[in-house]
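K.L.:
Given chain A, put chain B in place with the hints provided.
Listed in order, the protein sequences are those of chains A and B. Just remember that this note's numbering sits 77 ahead of the position in the first sequence, which is counted from 1. Just remember that this note's numbering sits 71 ahead of the position in the second sequence, which is counted from 1.
Check the hints yourself; a few may be wrong.
[To be verified] With a Cα cut of at most 20 Å, we get these calculated EDC-like pairs of lysine to aspartate or glutamate:
1) B/382 x A/145
2) A/284 x B/215
3) B/361 x B/329
4) A/144 x B/378
[To be verified] Covered by chain B, according to a simulated footprint, are these stretches of chain A (three or more residues, beta-carbon under 8 Å):
5) 95-102
6) 284-296
Source of the hints: derived by calculation from the structure; they are not laboratory data. Virtual Cβ for every residue (Gly too), placed ideally from N, Cα, C.
Letter by letter, the chains look like this.
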Amino acid sequence: MTECTIISLSESALLISFGNEINLQLHDEVMKAKKLIEEMKFEGFIETVPAYNSLAVYYNPLLIEQKEKTIALTVEKKIREILNGNNPTIKQSGNQTQMIIPVCYDDEFGIDLDELSQALQLSKEEIIQLHSSRTYKVFMTGFTPGFPYMGILDEKLITKRKTQPRLKVDAGAVAIAGNQTGIYPSATPGGWNIIGRTPLKLLDTTKANPFLLKAGDEVKFEVITKDEFENYAPSDALV
Amino acid sequence: MHKPIIHIEQCGFLTTLQDAGRNNYLQYGISKGGAIDMYAAKLANILIGNNEEAAVLEITQSPHRFRLLKDSLIAFVGGGLQPAINNQPVSLHQPLFIKKDSVIELKKQLPGFRLYMAVAGGFEAEKFLNSSSTDLLIKAGGFEGRALKKEDTLETNAASTSLQQQLAAVLKTSTKFKFNLTELNFQEQTIRVMQGVEWNCLTTDSQQKINTTAFTVSPQSNRMGYRLKSETLLTAQSFDIISSPVTQGTVQLTSSGELIVLMADAQTVGGYPRVLQVIAADLPLLAQKKPGDLIQFDIVSLQEAEDAFLKQQSALKHLKTRLNNMSV
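Only chain A is shown next, with the shape it has when bound in the complex (with noise of 0.2 Å):
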């Protein structure tokens, strides 16, 4: 296991993080421990959120046998036994998914492409093109429900957020922000730079699992046309 900090996010949850940058390596590290932690159960956990380099660990601190100083360092303790185990049956974060998400990238869609071609120097075609080249790894969902927060881009599309979030975008939005690139589940107010529009829904609260997407999945964007966009399942593509 590689070397990681472990400390309280708050008296029911404990914060393990592995170095302070952004790479796949570091999340698999992440996805790594989750899986470990999840398979090998303690008394009083709950459950995990992983991050791009740190994993929350849930717990109910009234399950927990004190053993220690604080509650928290006896969970604490426990971890670190879980994770410097000799575990030989899990040796990859496991779990991935490949999904392949259809997008439009018309220009009814892909509201911000002029500005970005302007702004990367790249033809549009060009940076769909590089968008949809690349097979990306889900860090993390959060900030709202079901956002998939996935990378890495290619470099000439790094860029950066928009100065004014838009106050509302719409559901199914592709867009991208620093080296990353996301999609959001509903509408909700949005600073990244929107280049189309997938018909999938990415959050079905009517679905016994309501989301199409999960931390470790890898994504790859396949290009539809508009009249694609549209034919596809079109009473259950927008919220």
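P.N.:
Just chain B now, kept in the frame of chain A:
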């Protein structure tokens, strides 16, 4: 066996069904949610022999009027509003037996901001991801995923337990219970905090100011977060944080120097420095603060925070045991 229990004749601006919150979906960006003053919600349930996680009504300070549709064992806990039944004020923090067709009025203001109403068996509510809490952001759970309004009718669950039948029998002869609960003083301004994950992001000067600065709860506060205003702005040495998990009670420092305390409907990850963490035992008190109220922080250790939380929870457990052992 669902039975209609209250009809809402007048409703305030934010009244929702809430339970102990939603576990296991934080990693998908779904907030934990649940009662923002969890202590009050649990206490209300315990007082009438419910499972402490049963769905309760969370009533934000504003006038309400309910008509009771059946004889009911109920409890009001929290603050903000003085309940009156058929124009007679009734006690908070007590089990009450109320007759069918009674009118419950919540009008007169009390210190605090949120009142909880529990009914025997709990309110019937829609479950979303195993919780009855209303998630207003994605409009799911509780009552059609929304805040209640005039003309809504709420139902209750299940038949009474033997404890609830006993309680009702005693209360019908209008005996009052005395529980000698240590009630929260909602006028208390001190909120205890721990140093947050990025405490060291604060400049030394700002670190020293935490305990002495008066903060005001801003009108832009809701169940997701409380924005705090102060005359002296806090400054960070760096705002360069890679997004990482946040939780209920996390205090973020925004780039404009303002603090935001994440509350019940907290987001799950965030990119602002987590400079403080409100201790779990004081989150209920903060939840009872309203826009314009003043607060002050007092930094305590993790050990003190854990002890305070355990003490609060053991008081609830003690009350539960007393009720269960009650020989009526």
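K.L.:
Each hint needs a verdict: does it hold in this structure or not?
P.N.:
Hints, one by one, checked against the model:
1. B/382 x A/145: holds, 18 Å
2. A/284 x B/215: Holds, because 16 Å separates the two Cα atoms, which is no more than 20 Å.
3. B/361 x B/329: Holds, at roughly 17 Å.
4. A/144 x B/378: Holds, at about 14 Å.
5. 95-102: holds (count 3)
6. 284-296: Contact hint for the region 284-296 of chain A vs chain B: holds, 4 residues under 8 Å.
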